[in-house]
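Residue numbers (full-length UniProt numbering), protein chains in the order written: chain A, 1 to 255; chain X, 1 to 255; chain S, 1 to 255; chain Y, 1 to 255; chain H, 1 to 255; chain V, 1 to 255.
Among the hints, a few may not be true.
To be verified - Lysine to any residue pairs mimicking SDA-like chemistry, simulated, CA-CA at most 25 Å apart:
1. H:K227 / Y:H11
2. A:K191 / V:N5
3. A:K63 / X:P206
4. A:K63 / V:R185
5. V:K227 / V:M153
6. Y:K191 / H:A21
7. Y:K191 / H:N5
8. V:K191 / A:A15
9. V:K191 / A:E22
10. X:K191 / S:N5
11. A:K191 / V:H11
12. Y:K191 / H:V19
13. X:K191 / S:E22
14. H:K191 / Y:N5
15. V:K191 / A:N18
16. S:K191 / X:N18
17. S:K63 / S:G239
18. S:K227 / X:A15
19. A:K191 / V:N18
20. X:K191 / S:R8
What the hints assert, rightly or not - Output of the computed footprint for chain V on chain H, the stretches with three or more beta carbons under 8 Å from beta carbons of chain V:
21. 149-157
22. 206-217
Keep in mind the hints are simulated off the structure, nothing from the lab.
In this text, a Cβ means the ideal position worked out from N, Cα and C, and glycines have one as well.
Protein chains: 6
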Amino acid sequence: MSETNEVRWNHLTAAELNVLAERGAVVLLPIGSTEQHGPHLPTGVDDFMAAEVCRRAAHMVDKRTPVVVAPSIPFGLAEHHMLFGGTLTLSLSTLHALLRDLCRSIDRAGFDWILIVNGHGGNMTALHALITELTAELSISVGFTNYFTAGRMVIRETLETQDGLMHACEGETSMVMAALPHLVRTQELDKAVGPAITLPAESTDPVYFAVSFRVITESGVAGNGDKATAEKGERILDGCAQALADLLVTRFRRR
Amino acid sequence: MSETNEVRWNHLTAAELNVLAERGAVVLLPIGSTEQHGPHLPTGVDDFMAAEVCRRAAHMVDKRTPVVVAPSIPFGLAEHHMLFGGTLTLSLSTLHALLRDLCRSIDRAGFDWILIVNGHGGNMTALHALITELTAELSISVGFTNYFTAGRMVIRETLETQDGLMHACEGETSMVMAALPHLVRTQELDKAVGPAITLPAESTDPVYFAVSFRVITESGVAGNGDKATAEKGERILDGCAQALADLLVTRFRRR
Amino acid sequence: MSETNEVRWNHLTAAELNVLAERGAVVLLPIGSTEQHGPHLPTGVDDFMAAEVCRRAAHMVDKRTPVVVAPSIPFGLAEHHMLFGGTLTLSLSTLHALLRDLCRSIDRAGFDWILIVNGHGGNMTALHALITELTAELSISVGFTNYFTAGRMVIRETLETQDGLMHACEGETSMVMAALPHLVRTQELDKAVGPAITLPAESTDPVYFAVSFRVITESGVAGNGDKATAEKGERILDGCAQALADLLVTRFRRR
Amino acid sequence: MSETNEVRWNHLTAAELNVLAERGAVVLLPIGSTEQHGPHLPTGVDDFMAAEVCRRAAHMVDKRTPVVVAPSIPFGLAEHHMLFGGTLTLSLSTLHALLRDLCRSIDRAGFDWILIVNGHGGNMTALHALITELTAELSISVGFTNYFTAGRMVIRETLETQDGLMHACEGETSMVMAALPHLVRTQELDKAVGPAITLPAESTDPVYFAVSFRVITESGVAGNGDKATAEKGERILDGCAQALADLLVTRFRRR
Amino acid sequence: MSETNEVRWNHLTAAELNVLAERGAVVLLPIGSTEQHGPHLPTGVDDFMAAEVCRRAAHMVDKRTPVVVAPSIPFGLAEHHMLFGGTLTLSLSTLHALLRDLCRSIDRAGFDWILIVNGHGGNMTALHALITELTAELSISVGFTNYFTAGRMVIRETLETQDGLMHACEGETSMVMAALPHLVRTQELDKAVGPAITLPAESTDPVYFAVSFRVITESGVAGNGDKATAEKGERILDGCAQALADLLVTRFRRR
Amino acid sequence: MSETNEVRWNHLTAAELNVLAERGAVVLLPIGSTEQHGPHLPTGVDDFMAAEVCRRAAHMVDKRTPVVVAPSIPFGLAEHHMLFGGTLTLSLSTLHALLRDLCRSIDRAGFDWILIVNGHGGNMTALHALITELTAELSISVGFTNYFTAGRMVIRETLETQDGLMHACEGETSMVMAALPHLVRTQELDKAVGPAITLPAESTDPVYFAVSFRVITESGVAGNGDKATAEKGERILDGCAQALADLLVTRFRRR
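Work the whole structure out from these sequences, hints included.
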């Protein structure tokens with residue numbers, strides 16, 4: 001294996017990946033969504049942030065916990081954003097098939113641990129259910145987390161106007177300002193506001209209906225994108241990555 | 001339509017159901033699981049309790065909210081209980097297909113509102129994801145709740161040793177004592193104990209792995225079945241039914 | 001295992017089911033349909049009667065032929081009744097998937113013999129074909145019967161105006177009068193008449209077309225529901241159960 | 001359209017088929033199986049005979065009932081013959097998909113009537129169930145018959161040692177002697193015997209298990225192939241074709 | 001095995017096929033299409049010619065290369081011909097399922113080598129992709145060729161006005177004149193002309209769109225059917241068969 | 001819409017994408033593969049190059065041909081590379097489902113033209129067949145090209161030792177040197193050699209078998225990676241992009 005610090009699967013050669021598999025590396029599989037993110041953010045935010053946190057975490061772990069970051073899946077379940085335009089969505093069965101094939105390939109490539117790292121609220125319950133199914137189907141060990149669940153504490157402490165991530169909000173806008181500042185349409189920031197929401201998977205409303213996001217917010221934003229700063233974003237990204245790295249070190253120990 | 005107070009779909013005639021459809025009735029679709037429930041409870045508990053709460057709630061609503069209770073689905077996602085024996089489980093895609101056909105049939109029978117009422121923790125995230133999918137596939141209005149989420153407060157207030165329902169626990173055992181007392185193996189009650197758990201869908205652990213329930217508990221019980229009483233059970237059943245009835249009256253109003 | 005005489009899977013504990021599996025018990029899997037049954041009978045008749053006959057038969061067999069009755073499947077193939085309202089139907093592929101998962105679960109629970117006991121004419125050819133397919137797919141031993149085929153003789157001898165079961169007819173109405181008398185709308189009995197039919201699977205017409213049942217009968221009845229009595233019903237139920245019990249004793253002997 | 005008397009779809013040009021569609025022609029779709037047929041008959045018997053009867057019938061109808069014979073499907077459900085070798089079998093879902101595509105194509109080609117004409121006992125219940133399903137799926141009019149059901153009477157009258165068709169038997173061997181005499185291995189005829197059977201779809205045994213045909217017969221024959229004559233075969237083929245032609249004239253009248 | 005020179009699977013008995021399997025025979029699986037072929041040719045051309053070349057080739061190989069010709073699949077991918085009428089088409093997934101079942105059956109019948117021999121341009125890329133998939137799915141050795149690719153040279157040398165096969169063209173018309181002369185509508189030959197095309201799978205146009213064949217040609221013909229002669233046809237059929245036979249001898253040697 | 005020159009879907013906001021849809025923009029959908037690319041190249045090459053050419057082409061077209069580049073699909077059909085490790089592969093049906101969902105989403109987002117731009121030889125025939133299928137399924141206009149087919153001429157003219165692209169070869173290595181020079185393991189370049197191949201989809205061998213790439217080359221390279229230079233790579237990338245841009249301007253004109 002070269003001296004590289006590279007952690008991205010698609011930036012590594014097959015031989016380097018084979019060495020990592022032999023060393024018992026954990027494979028992080030980021031998944032996001034390509035969907036409307038208000039007037040000020042690009043449609044790729046969920047994908048970009050999931051991958052960003054994975055890469056940062058992979059560099060934070062110690063040498064005894066090798067980590068590879070698989071190519072990020074830029075597509076998720078986004079039917080509720082379709083009315084806004086600019087949105088790509090998968091059906092549940094397609095997502096199932098895609099994850100099945102990828103997990104089976106990772107297993108065949110010699111890796112024993114897979115952790116799916118999600119960046120999109122709309123994927124949460126589906127991924128939970130699919131992990132259960134894939135574990136039975138493939139007899140492999142595959143885990144699931146959301147970068148914003150791992151980093152729940154730092155998000156709460158950092159945000160001034162929200163308790164957690166919403167959509168194209170104080171938190172997401174801050175992270176894009178920190179990681180990909182040229183992608184924020186700053187002239188639209190004053191319109192980047194909408195009502196507060198709870199992620200469906202974490203809602204305490206006892207009844208769930210699948211409703212279009214446009215019923216909730218005209219702007220496509222839930223939360224306060226106008227309160228974002230790059231400093232908050234950096235703190236969140238760093239904190240989520242650190243939380244994920246801690247999970248990797250404590251939960252995926254060598255055998 | 002006859003003078004009957006009957007609320008069960010399969011106890012009603014087609015003509016009676018057609019009248020209810022015309023009157024805008026909500027269809028409750030209970031779903032449970034057939035799975036091990038410790039040494040003292042029968043395998044049908046989740047199915048029985050979901051249906052019991054639905055029937056009670058259907059009788060509590062006022063006349064302006066007609067309700068029909070569809071035949072309960074006795075099968076769910078129970079792979080994690082398979083190692084104990086006595087357990088039946090569906091794959092996710094089978095559950096999807098089954099719900100699709102039932103919801104489509106209910107829609108074709110002239111009903112406009114469907115509420116799936118779940119009684120099994122292992123179905124929670126899957127049903128959430130499937131409701132989202134079915135709403136897009138069928139262009140119908142279908143909601144989802146768990147009877148124990150609707151009645152979360154009364155459960156917490158009633159139980160002495162648990163914060164919420166676990167498995168074959170203080171709560172479930174109490175409910176069976178209240179509704180189907182002959183089905184409790186009382187001589188096994190002292191063994192009906194196990195570690196406390198949180199339902200996976202409500203867990204705060206940031207990482208999720210699908211693990212066999214036998215890794216968690218040798219007895220098949222999580223919580224304290226030995227602290228159950230019929231009085232607690234009646235209070236929980238009544239409280240959950242009342243909570244569900246309140247949801248029906250406030251959320252499914254006539255159009 | 002407890003001293004119980006209980007035969008229903010979902011009324012038994014996992015440990016009791018494990019003992020029955022070890023003893024080589026046959027699993028009866030009743031399947032019905034939820035569909036219009038004329039002006040006088042509830043939609044659940046086929047499901048109720050299949051399960052009723054199974055339970056009776058399970059209590060008739062001798063000790064050397066232990067029997068478990070799985071939770072009854074209340075859904076079948078009922079497209080031909082959809083125009084009447086009040087009817088739920090599955091697609092053939094959903095029924096296939098459901099039976100596959102249930103048979104596989106029963107096999108994994110340690111049982112070696114499964115007998116599907118059908119109560120709905122519209123399921124007959126499909127179940128025959130699916131049994132063939134499941135036997136190849138799962139490498140298990142699964143048989144198929146209809147309770148009214150097993151009890152063909154007693155039905156013919158008992159009915160005064162029909163040669164065999166039709167739909168919501170002299171036979172079915174009699175059985176509901178015997179087993180669930182409160183579910184018969186007696187004030188509608190005089191309308192409970194329709195033309196004689198032969199079950200499609202037993203028809204001697206060389207050409208088969210799938211036609212709506214409404215083309216055949218306006219009332220939803222085929223046969224003479226108005227000639228029903230509880231005595232006939234009891235005789236049929238008892239006779240069908242005895243015939244099924246005989247099959248169990250002679251065909252599913254211990255290994 | 002040319003003056004040809006041709007009835008085979010694949011021997012006709014597209015323009016000729018368009019004229020037939022316009023004239024309201026019935027499309028016969030023969031289906032057989034490729035499977036062991038004892039020591040003396042080729043594996044294609046079921047396919048050959050179904051197509052033969054269709055072609056003969058198509059030439060017997062009067063001018064007011066135009067008929068087209070689609071390319072025969074040489075594959076069916078033959079799992080029960082696999083142990084003998086030389087056998088091709090489809091899964092039920094493949095057969096479903098194949099018939100769905102063919103019926104949809106025939107419908108798109110402008111034809112309004114399809115009659116599937118089966119030549120293989122093992123296809124009977126599956127085709128019955130699939131016709132029901134396809135009728136609902138495609139909203140087209142598709143019927144189903146077996147050539148030996150249509151011609152049940154002539155078969156019974158002609159055969160000396162059997163009540164109906166069995167397998168590689170007095171009847172099938174006679175038909176091949178009549179239609180394709182060079183394909184009968186006459187030197188094997190004395191071994192062409194086996195026990196009498198009833199076609200599963202017509203069996204009066206109340207319990208059905210899918211068993212390998214080799215459990216039933218070592219020779220692969222059920223019935224008495226050694227009693228076959230070409231005269232019997234001609235009489236059966238002619239009689240079945242006449243019966244099918246009668247059905248076409250009486251049941252598929254012009255609209 | 002009899003002294004027969006028979007090579008057709010469905011003309012052979014199971015025992016004869018078992019001997020051939022034991023001797024290491026290659027199974028040729030011809031596939032065509034049933035689709036419009038201009039005003040002068042029947043719809044079955046692709047199927048007929050694929051099977052014809054296979055049978056001829058099977059008779060040309062030496063004794064050390066036994067060959068069986070499976071029943072020809074008369075259905076392929078012909079969506080692009082649907083607008084002309086008279087055409088049957090499969091979906092890609094149906095074709096996949098059909099080939100999977102047939103290849104698996106051939107494998108279970110004891111044969112180790114399968115070569116799919118295609119006669120329809122519209123199947124080419126699909127079969128290439130499906131072979132790749134089936135090889136992975138079934139772990140068997142299955143190859144793919146087109147009779148007109150194997151015989152590419154003789155086709156080019158024989159045709160006077162075309163470089164290769166087109167559709168209902170100089171080449172195809174010639175072959176039908178040679179093998180099935182009664183099926184050519186000679187009175188339509190002067191209309192049997194259309195623009196030159198390249199088979200999509202061999203096109204050098206860098207962009208591919210799936211377009212209806214009717215956009216390309218009003219007559220349904222591509223190429224010059226009016227330049228056909230039986231002599232050319234015989235030369236092509238013989239040459240393609242010889243080329244295929246050579247491939248069989250050189251590429252499928254005994255193990 | 002902002003003044004940005006941005007062409008990447010996931011770097012654009014929903015509102016900006018809606019404007020582009022209204023202006024009739026063509027959506028390029030790059031697809032690659034994540035698979036072994038010899039000892040010297042990373043596994044993501046096919047994905048990176050397809051996306052690179054798309055982005056360059058999108059910037060080359062004139063203002064009257066607006067273009068959007070969808071998120072690149074990093075996964076393809078790579079079963080033949082699995083034995084090397086480091087490789088991810090999809091099944092054909094998963095790829096079908098993924099493309100179906102993406103094309104349908106793009107259509108629902110208001111775009112009328114989709115061009116799939118492939119960068120992986122192993123996807124070629126499958127994409128050809130799937131485009132045909134998707135066109136029928138979705139009734140949309142979707143085209144397919146490979147960047148190396150569009151730029152076939154410039155590749156041939158540029159390479160010194162090859163006639164066209166092979167695998168991890170003179171051409172691919174040159175392109176990575178030009179676009180992502182830090183990803184080339186230069187110390188491995190002398191081992192980056194292997195036998196010459198023709199892409200399966202362009203092979204003139206009349207018989208196709210799906211064989212593992214390891215049978216062809218031990219190093220995982222086909223062609224001469226050691227002859228690569230950044231200058232050649234730049235020329236190829238620029239030439240392919242220009243060829244693609246020309247196709248866009250000439251073939252996707254405004255309506």
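Each hint tested on the structure:
1. H:K227 / Y:H11: The given pair, whose Cα atoms are some 22 Å apart, holds under the 25 Å limit.
2. A:K191 / V:N5: Holds. K191 (chain A) to N5 (chain V) sits at ~23 Å (cutoff 25 Å).
3. A:K63 / X:P206: With a Cα-Cα distance of about 23 Å, the restraint between K63 (chain A) and P206 (chain X) holds, given a limit of 25 Å.
4. A:K63 / V:R185: 23 Å, holds
5. V:K227 / V:M153: 19 Å, holds
6. Y:K191 / H:A21: Holds, at about 23 Å.
7. Y:K191 / H:N5: Measuring from Cα to Cα gives roughly 23 Å; hence the hint holds.
8. V:K191 / A:A15: Holds - the C-alpha atoms of A15 (chain A) and K191 (chain V) are around 13 Å apart, at most 25 Å.
9. V:K191 / A:E22: Holds. K191 (chain V) to E22 (chain A) sits at ~23 Å (cutoff 25 Å).
10. X:K191 / S:N5: It holds: about 23 Å lies between the C-alpha atoms, which stays within 25 Å.
11. A:K191 / V:H11: Given pair K191 (chain A), H11 (chain V) holds - Cα atoms ~19 Å apart, limit 25 Å.
12. Y:K191 / H:V19: Holds. K191 (chain Y) to V19 (chain H) sits at ~19 Å (cutoff 25 Å).
13. X:K191 / S:E22: 23 Å, holds
14. H:K191 / Y:N5: 23 Å, holds
15. V:K191 / A:N18: Status holds; Cα separation ~18 Å.
16. S:K191 / X:N18: 18 Å, holds
17. S:K63 / S:G239: 20 Å, holds
18. S:K227 / X:A15: The hint holds at about 21 Å.
19. A:K191 / V:N18: 18 Å, holds
20. X:K191 / S:R8: 23 Å, holds
21. 149-157: Answer holds; 3 residues pass the 8 Å Cβ test.
22. 206-217: holds (count 5)
The earlier numbered hints are all upheld by this structure, with none contradicted.
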